[in-house]
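*Asks:* With the hints as extra help, turn the sequences into a complete structure.
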Amino acid sequence: MAADALAGLVPDLAVGEQVFYAAGCASCHSTPGSVGEAKLVLGGGQTFPSPFGTFYAPNISPDPDHGIGGWSALDLANAMQHGISPAGQHYYPAFPYASYIKAELSDIMSLHAFLATLPSSAEPSKPHEVGFPFNIRRTLGGWKFLFLRPDWVVSGDLTPEETRGRYLAEALGHCAECHTPRNALGGLQLANWLGGAPNPDGKGKVPNITPGQLDWSSADIAEYLSSGFTPEFDTAGGHMVAVVENTAKLPPADRAAIAAYLKKVLSVDWP
Amino acid sequence: MALNRSLIIGVSAAVFATTAVFAESHGGNPAVKARTAHMQLYAHNLGTLGGMAKGAMDFDAGAAQAAADNLLALATMNQRSYWLPGTSNADLGEETRALSAIWADGSTIGTAAKAFVDGATAMQAAAGTLEGVQGAIGGVGKACGGCHKAFRAPDS
Chain A
773 MAADALAGLV
783 PDLAVGEQVF
793 YAAGCASCHS
803 TPGSVGEAKL
813 VLGGGQTFPS
823 PFGTFYAPNI
833 SPDPDHGIGG
843 WSALDLANAM
853 QHGISPAGQH
863 YYPAFPYASY
873 IKAELSDIMS
883 LHAFLATLPS
893 SAEPSKPHEV
903 GFPFNIRRTL
913 GGWKFLFLRP
923 DWVVSGDLTP
933 EETRGRYLAE
943 ALGHCAECHT
953 PRNALGGLQL
963 ANWLGGAPNP
973 DGKGKVPNIT
983 PGQLDWSSAD
993 IAEYLSSGFT
1003 PEFDTAGGHM
1013 VAVVENTAKL
1023 PPADRAAIAA
1033 YLKKVLSVDW
1043 P
Chain B
856 MALNRSLIIG
866 VSAAVFATTA
876 VFAESHGGNP
886 AVKARTAHMQ
896 LYAHNLGTLG
906 GMAKGAMDFD
916 AGAAQAAADN
926 LLALATMNQR
936 SYWLPGTSNA
946 DLGEETRALS
956 AIWADGSTIG
966 TAAKAFVDGA
976 TAMQAAAGTL
986 EGVQGAIGGV
996 GKACGGCHKA
1006 FRAPDS
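For the record, the sequence lines run as chains A and B.
Residue numbering for the first sequence follows the numbering used here, beginning at 773 and increasing consecutively.
Residue numbering for the second sequence follows the numbering used here, beginning at 856 and increasing consecutively.
Misleading hints may appear alongside valid ones.
[What the hints assert, rightly or not] DSSO-like cross-link-like pairs, simulated, lysine-lysine; straight-line CA separation at most 30 Å:
1) B:K997 <-> A:K1021
2) B:K997 <-> A:K1036
3) A:K975 <-> B:K1004
Everything labelled a hint here was simulated from the structure, so no lab data went into it.
*Replies:* Listed below in structure tokens is the structure:
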């Protein structure tokens, strides 16, 4: 990314906090088992099993030696949008840069400022358990060539609310990273966007949330993202609990926007 | 007299015992059925509170307070007889989604249960106004989710 890409952008801590929750940083990067305030300590360590190996979320606290305290906003933007480390190495797309590539640079700048205010952790990042040939990071250049796209998936005429919902879902919330099936190389099957997928940890499935399968009203979807209650007053369980913890912190208009976006997604027939 | 009374108690006990065995072989584990019913009562009362909170039904302070009182009563009931070791989904299969983590050493189920009691207590205090219900419902939902995340098997 060009060195002057962030010129003229001013970070806003309040915006950075909202981006932090919308993008769900703590859900993956907080120490395993953290609850409440402790989730702001982004010491890493959570595991992410996949067909390519097991990934460990790194420490992204402001610690200068074990975290990203030494990173500039440009470093963060390169990581989040292009999957490139400050040393020029590729990141594995378990880090959802394929979604964050669509985020606004101003939001990343504000996020950078907000991350710097969080508590430090000296926990060293664990290396990923990835076998040959996937442990060769250079091959990710090929993956990015094939699958890294900055274009919106849902296109056409959208209302301002739907446009905001698309930004929240496609760029920050990265819903599709779990809710969309992947091909053999781990790229998202765009034709089945948000159509549901097998659970990478092997048990059960991640639901299809396109209108073909999700018949809830927009109000019900927004309510779920606020309180975790389904229309029958069952509650979110499993991974969605962590998502709802984040979406609950967004303004109600943002949850309504995500719901409006979901209504515009093409219906997928699965399972 | 005493003999008659002991006889009645003895026969009753035998009848209850056989009923329990009968139920188990003819329609599911009684502990599972009881706790499923208990959860359904939560859902029923949350239906009122949640429906009002999201504007799906008009706010009615009397109905809201009744539902909130019920929710707290349910949350504080002694449920020990239906959360029995040996009734997890590892033991009984698909009949229940309860994970054996509930009964494992160091289980945090007590903390999760207390979070729900706290949420229901806050709701009971707030149920007099719509704003109160709207403010308190998130805490209840979060407590439900906290227990489900750790102790309930995912939907398959």
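*Asks:* Hey, A:K975 versus B:K1004, does the alpha-carbon distance stay inside 30 Å?
*Replies:* 14 Å, holds
*Asks:* Is the hinted pair B:K997 and A:K1021 satisfied, with a Cα-Cα distance of at most 30 Å?
*Replies:* It holds: about 12 Å lies between the C-alpha atoms, which stays within 30 Å.
*Asks:* Taking 30 Å as the top limit, are the C-alpha atoms of B:K997 and A:K1036 close enough?
*Replies:* OK: B:K997 and A:K1036 at ~28 Å, within 30 Å.
Violated hints: none; the structure is consistent with every hint.
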